[in-house]
Amino acid sequence: MTTPQNEPRRAVFPGTFDPVTRGHIDLVERAAHIFDELTVVVAAHHDKRHLLSVDERVELLSQAMERFPHARAVAFDGLVVDAARQFGATAIVRGVRNTSDLEYERQLALANRSMNPDVETVLLFPSAEYAHVSSTLVRQIARFGGDLSSFVAEDVAAALRKAVERSE
3 MTTPQNEPRR AVFPGTFDPV TRGHIDLVER AAHIFDELTV VVAAHHDKRH LLSVDERVEL
63 LSQAMERFPH ARAVAFDGLV VDAARQFGAT AIVRGVRNTS DLEYERQLAL ANRSMNPDVE
123 TVLLFPSAEY AHVSSTLVRQ IARFGGDLSS FVAEDVAAAL RKAVERSE
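According to the numbering used here, the residues represented by the sequence shown are 3 to 170, in order.
Since the hints were made in silico from the structure, they are not lab data. In this text, a Cβ means the ideal position worked out from N, Cα and C, and glycines have one as well. Treat the hints with caution; some may be incorrect.
Unchecked claim - Distance windows between CB atoms, simulated: (1) L104 x A160: 48 to 58 Å; (2) N118 x G147: 23 to 33 Å; (3) Q7 x R69: 26 to 36 Å; (4) S64 x R87: 19 to 29 Å; (5) D57 x Q7: 30 to 40 Å; (6) D84 x R163: 29 to 39 Å; (7) T138 x K164: 25 to 35 Å; (8) A160 x E122: 32 to 42 Å; (9) H134 x I36: 22 to 32 Å.
Working from the sequences, and respecting the hints, build out all of it.
As structure tokens, this is what we get:
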């Protein structure tokens, strides 16, 4: 899939990915079918307290995305529209689980469009089996020692268990 100028279609998929969930990977797979190159942008967000470090999140994402050769995970500290510009993307991919997400994403899309009208926001809905999964929910389950297997890959679950131990 290429643009009329025969350039690859590039998109960024931003998020904190603390941790990366099966729902995130579902969206990566969907986006990977639409775009020639997908850069998953792991936000550092200094004003947020993360359970996993940015390096851990990039590594876990990279492992989870190995089957998508034209997708990569990178850390980025700044505005998503700046990440799109830096990585040559013409689209920002976002996931929407419910109406609350939709309103929030609408506001972000309008703000991003006002900062860079050349970048479109593409909203994707997760598979029904992941529509209830959020990183916040997964962190709560991890803190209470619950079974994470239906929410995250085993390597992510192991990293979360270690992170919970560090934080106690």
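Evaluation of the provided hints:
Under the hint 48 to 58 Å, the C-beta atoms of L104 and A160, about 34 Å apart, miss the expected range. A hinted range of 23 to 33 Å is violated for the C-beta pair N118 and G147, which are about 44 Å apart. The given range of 26 to 36 Å is respected by Q7 and R69, whose C-beta atoms sit roughly 29 Å from each other. Between S64 and R87 the beta carbons are some 23 Å apart, a value that agrees with the proposed interval 19 to 29 Å.
Judged by the Cβ atoms, the range 30 to 40 Å given for D57 and Q7 holds: they are separated by roughly 36 Å. Between D84 and R163 the beta carbons are some 35 Å apart, a value that agrees with the proposed interval 29 to 39 Å. Our hint of 25 to 35 Å for T138 and K164 is violated, since their Cβ atoms are close to 19 Å apart. Checked against the given bound of 32 to 42 Å, the beta carbons of A160 and E122, roughly 37 Å apart, stay inside it.
Restraint check, H134 to I36: a C-beta distance of roughly 24 Å satisfies the suggested window 22 to 32 Å.
Comparing the model with each earlier hint shows violations of hints 1, 2 and 7; every other hint is respected.
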